[in-house]
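Colleague: Residue numbers (the working numbering), protein chains in the order written: chain A, 1 to 124; chain B, 1001 to 1142; chain C, 2001 to 2087.
Everything labelled a hint here was simulated from the structure, so no lab data went into it. Note that beta-carbon positions come from the ideal geometry of N, C-alpha and C, so glycine has one too. Just to be clear, a hint being listed does not mean it is correct.
Residues from chain B that face chain A, not an exhaustive set, calculated with beta carbons under 10 Å [as the list claims (entries may be wrong)]:
no.	residue
1	Leu1009
2	Val1014
3	Phe1025
4	Met1045
5	Ile1050
6	Leu1071
7	Met1092
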Amino acid sequence: MDIASFFHGAGLVLIFLGIATIIIAGIGLFRLPDLYLRASAVGTSAGLGVASIVLGALLMDFTWLNLLKAVIAVVAQLLTSAVGSMAIARTGYLNNSRPAEITHTDDLIRTRRDMFDSDAEPHR
Amino acid sequence: MSSTTSTALWPWRVVTFLVWYAKEFLLANARVTADVLRPRGRQKMHPAIIAVPAASRSEAEWALISSLITLTPGTLTLTISREHQILYIHGMFVDSREELVAEIQEMEDRMLGAMRRQPGDLTRPVEAPVVTPAEPSEDGED
Amino acid sequence: MSEITLEVALILLAVGMLLAASRAYVGPRLTDRAVAADLIFFAIIGFIALIGLRTQIEALFDIILIATLLGFMAAISMARLGSGGRR
């Protein structure tokens, strides 16, 4: 087996792995009970899913310039998706999106209760 | 753990941190994926929101530690309180408070070891202070 | 990539996208929809990569790079919209 077809096969495997994480995150959107758990499930496809699709595409179409662009894209995706899901989760907490019943400890609720007293409109 | 990581040379600490983080990242992905697919009733989820005392000082350190925590599937930074040195973390598999706190603090120790040439001040507040209603907007990120 | 693999991959991505789209439809809150929209966006990056590989677009990786940055803007604006400017 020559090196080109090996790269091709590895690229296909990575792309299908990425697609699988996207489907599983989609299933997780229905099977998990609250916003924060769903955000965790989507986090798997935000990081591993997109990274492996981009790296798979890189292996199937390899040049050094593409390698540089793909690395920048993966790093940008990892950093920005983290900030994006923090912003969404934070907004959910501010908007009274309650953690599900199975959440056994909530340290943030005390600080938030205080916040809502001073913050006139509890906005839904 | 900080004693072993902080005495090593700085470039070595960077490399070990990156390898360690990559391993944790893949394991966390596998764990969350497996739990999504597990039949209802046998799922291992024990979600909780925990206040974790943190040793970060500068803006860059806070930004990086909260991003790294969120990037690991299963843990999610909800907000930080810089003046109280607290990270509020939503964890998906929290069997006990100590377990999550130890996990996050190990990550922070390794990250600070990789970011700082001199390990410097790694102290953390001993217990979570009661946040008063007087300063409502102090916890979000700027 | 052979024609049939490409089609299987596109169909699988569409399944993931449909799951996310139905969660975005069901809601119930803006933030649930924002999380679902995030997932739809990752599926779109997958579509771009697959179709770009098939059609041999030269600018494929430039498009992917810009797409990842655009997705960040979308997530942040959804979050800002939901919180009404509060942090």
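Colleague: Confirm or reject each hint.
Modeller: Okay, the hints, checked on the actual structure:
{"no.": "1", "hint": "Leu1009", "result": "violated (25 Å)"}
{"no.": "2", "hint": "Val1014", "result": "violated (16 Å)"}
{"no.": "3", "hint": "Phe1025", "result": "holds (7 Å)"}
{"no.": "4", "hint": "Met1045", "result": "holds (6 Å)"}
{"no.": "5", "hint": "Ile1050", "result": "holds (6 Å)"}
{"no.": "6", "hint": "Leu1071", "result": "holds (4 Å)"}
{"no.": "7", "hint": "Met1092", "result": "holds (5 Å)"}
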